[in-house]
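S.K.: Residue numbers (this note's numbering), protein chains in the order written: chain A, 1 to 118; chain B, 1 to 114.
If you are wondering where the hints come from, they were derived from the structure by calculation, not from laboratory data.
One should not assume that every hint holds.
Unchecked claim - Below 27 angstroms or equal to it, Euclidean Cα-Cα: the simulated DSS-like pairs (lysine-lysine) are:
{"no.": "1", "chain 1": "A", "residue 1": "K57", "chain 2": "B", "residue 2": "K42"}
{"no.": "2", "chain 1": "A", "residue 1": "K3", "chain 2": "B", "residue 2": "K42"}
{"no.": "3", "chain 1": "B", "residue 1": "K78", "chain 2": "B", "residue 2": "K57"}
{"no.": "4", "chain 1": "A", "residue 1": "K55", "chain 2": "A", "residue 2": "K3"}
{"no.": "5", "chain 1": "A", "residue 1": "K59", "chain 2": "B", "residue 2": "K42"}
{"no.": "6", "chain 1": "B", "residue 1": "K42", "chain 2": "B", "residue 2": "K83"}
{"no.": "7", "chain 1": "A", "residue 1": "K71", "chain 2": "A", "residue 2": "K3"}
{"no.": "8", "chain 1": "A", "residue 1": "K71", "chain 2": "B", "residue 2": "K42"}
Said to hold, decoys possible - Label pairs and their calculated CB-CB ranges:
{"no.": "9", "chain 1": "B", "residue 1": "V12", "chain 2": "A", "residue 2": "T18", "range": "42 to 48 angstroms"}
{"no.": "10", "chain 1": "A", "residue 1": "T18", "chain 2": "B", "residue 2": "V100", "range": "26 to 32 angstroms"}
{"no.": "11", "chain 1": "A", "residue 1": "N7", "chain 2": "B", "residue 2": "T76", "range": "36 to 42 angstroms"}
{"no.": "12", "chain 1": "A", "residue 1": "T115", "chain 2": "B", "residue 2": "T76", "range": "34 to 40 angstroms"}
Glycine residues also receive a C-beta, built at the ideal position from the N, C-alpha and C atoms.
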Amino acid sequence: SQKIEQNSEALNIQEGKTATLTCNYTNYSPAYLQWYRQDPGRGPVFLLLIRENEKEKRKERLKVTFDTTLKQSLFHITASQPADSATYLCALDMPPTIYNTNAGKSTFGDGTTLTVKP
Amino acid sequence: EPEVTQTPSHQVTQMGQEVILRCVPISNHLYFYWYRQILGQKVEFLVSFYNNEISEKSEIFDDQFSVERPDGSNFTLKIRSTKLEDSAMYFCASGPGQGVATQYFGPGTRLTVL
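Chain B extracted, bound-state conformation (with noise of 0.2 angstroms):
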């Protein structure tokens, strides 16, 4: 069964190095989304991209993060400056498009900034 997958699983920085989490959607998928988890929090939304444009974004996603399909089966997630409080479990989630709402998350890469 097709799965989403990300990489790496573990991504340790320094404060205010840029860093690239890396996510390989499910092939047809059309939706692509982030969200973040804080440990011990909730999931929360970050942003959802659709035909090479973002689709929305929430209040967490300010101008140190970017986000980009360089090609056919990557999307990506960049932090600028990384902070002690983007330490996190970033998903990488697709979905079918055509007005199908399911998202398939992928396993996460485990941000630590020290």
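Pulled out of the complex, with its shape left as it was, chain A reads as follows (with noise of 0.2 angstroms):
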């Protein structure tokens, strides 16, 4: 059966550290995979997205890997500040049937709470 597990249900970090949060996933063959940040009581909100032929993706303090052959991404916050403290979730998506025409969907996983103390 198909399956998304994101490494823990919960990370404590110190602040100014690196966070490294995993996700892994089994029978599935993603098109592209997200990951969201989850604040509590709110709706996700888009991080970074990267593409199953692209290997990383930056952008400012957050770094995304895809490795489609061990079936797992990486999702790096460095310099981390209580600021960043959440929920953190990636979400699988599937190629659409008719791609550009069909608006898919997105499978997310169980979240891992990312805790930075200062």
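Since each chain sits alone in its own frame, please combine them into the complex, following the hints.
M.R.: Shown next as structure tokens:
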């Protein structure tokens, strides 16, 4: 059966360190993978998208890698700050049946709750 | 910056009643979605919508659910006869379309079925 696993429910790190979150999947062939941030009681906020033919994407202090052989994505936050404390979700997107004319769907992992301590 | 908006923020209803959750997607977006999140659980896909028809739907999206884009701005989710297990946070999302997968989520409607 298809499964998405994010490395742990909770991750605690010290301010200034790099946070590394893991997303592993089985029995999927995603066209792309997305990372979102979710704060309590709020909707997910899009952070980064990486396509199946891309190895790495960066945006400011964020970096995502995507290894389709290992079926794994790593999400890094460098120079972490207490304001980075939140739940981070990975989501896999399947190729839509008819590309560009089908909205497709995203399948989310359970999320990892990151706490950055001052 | 444009945002997806949802109303109401909290809806309380009795089991068996019909509810309509409303969303205003970002104005030039073409793809629309509904997701739900039961408290403490993962975000679950319900349905996606493009060009006035459903693109994909999950097993959760049974005959009790329907979606509609009644005009050029609103996107609604209707639950015909609510059950206790429909209690959840319901998120609307929209995307630019044209093969761009990024989705922008609204703040959610918390549905409580008593």
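S.K.: Given the hint that K78 of chain B pairs with K57 of chain B, test it: the Cα-Cα distance must not exceed 27 angstroms.
M.R.: OK: K78 of chain B and K57 of chain B at ~14 angstroms, within 27 angstroms.
S.K.: Is K71 of chain A close enough to K42 of chain B, meaning Cα to Cα at most 27 angstroms?
M.R.: At roughly 20 angstroms apart (the allowed maximum being 27 angstroms), K42 of chain B and K71 of chain A satisfy the hint.
S.K.: V12 of chain B and T18 of chain A, beta-carbon distance inside 42 to 48 angstroms?
M.R.: holds (43 angstroms)
S.K.: Below or equal to 27 angstroms on CA atoms is what counts here, so check K42 of chain B against K83 of chain B.
M.R.: holds (19 angstroms)
S.K.: With 26 to 32 angstroms as the target window, see if T18 of chain A and V100 of chain B comply at their CB atoms.
M.R.: holds (29 angstroms)
S.K.: Would the pair K59 of chain A and K42 of chain B pass a check requiring their Cα atoms to be no farther apart than 27 angstroms?
M.R.: Within the cut-off at roughly 25 angstroms; holds.
S.K.: Holds or violated: are the alpha carbons of K57 of chain A and K42 of chain B at most 27 angstroms from each other?
M.R.: Roughly 25 angstroms separates the two Cα atoms, so the pair holds.
S.K.: Hint says 34 to 40 angstroms; check whether the CB-CB distance for T115 of chain A and T76 of chain B agrees.
M.R.: holds (37 angstroms)
S.K.: Lying within 36 to 42 angstroms: is that true of the beta-carbon distance N7 of chain A to T76 of chain B?
M.R.: holds (37 angstroms)
S.K.: Given the hint that K55 of chain A pairs with K3 of chain A, test it: the Cα-Cα distance must not exceed 27 angstroms.
M.R.: holds (22 angstroms)
S.K.: For the pair supplied as a hint, K71 of chain A and K3 of chain A, is the alpha-carbon distance within the 27 angstroms limit?
M.R.: holds (11 angstroms)
S.K.: Are the Cα atoms of K3 of chain A and K42 of chain B separated by 27 angstroms or less?
M.R.: holds (13 angstroms)
Hint compliance for this structure: no hint is broken.
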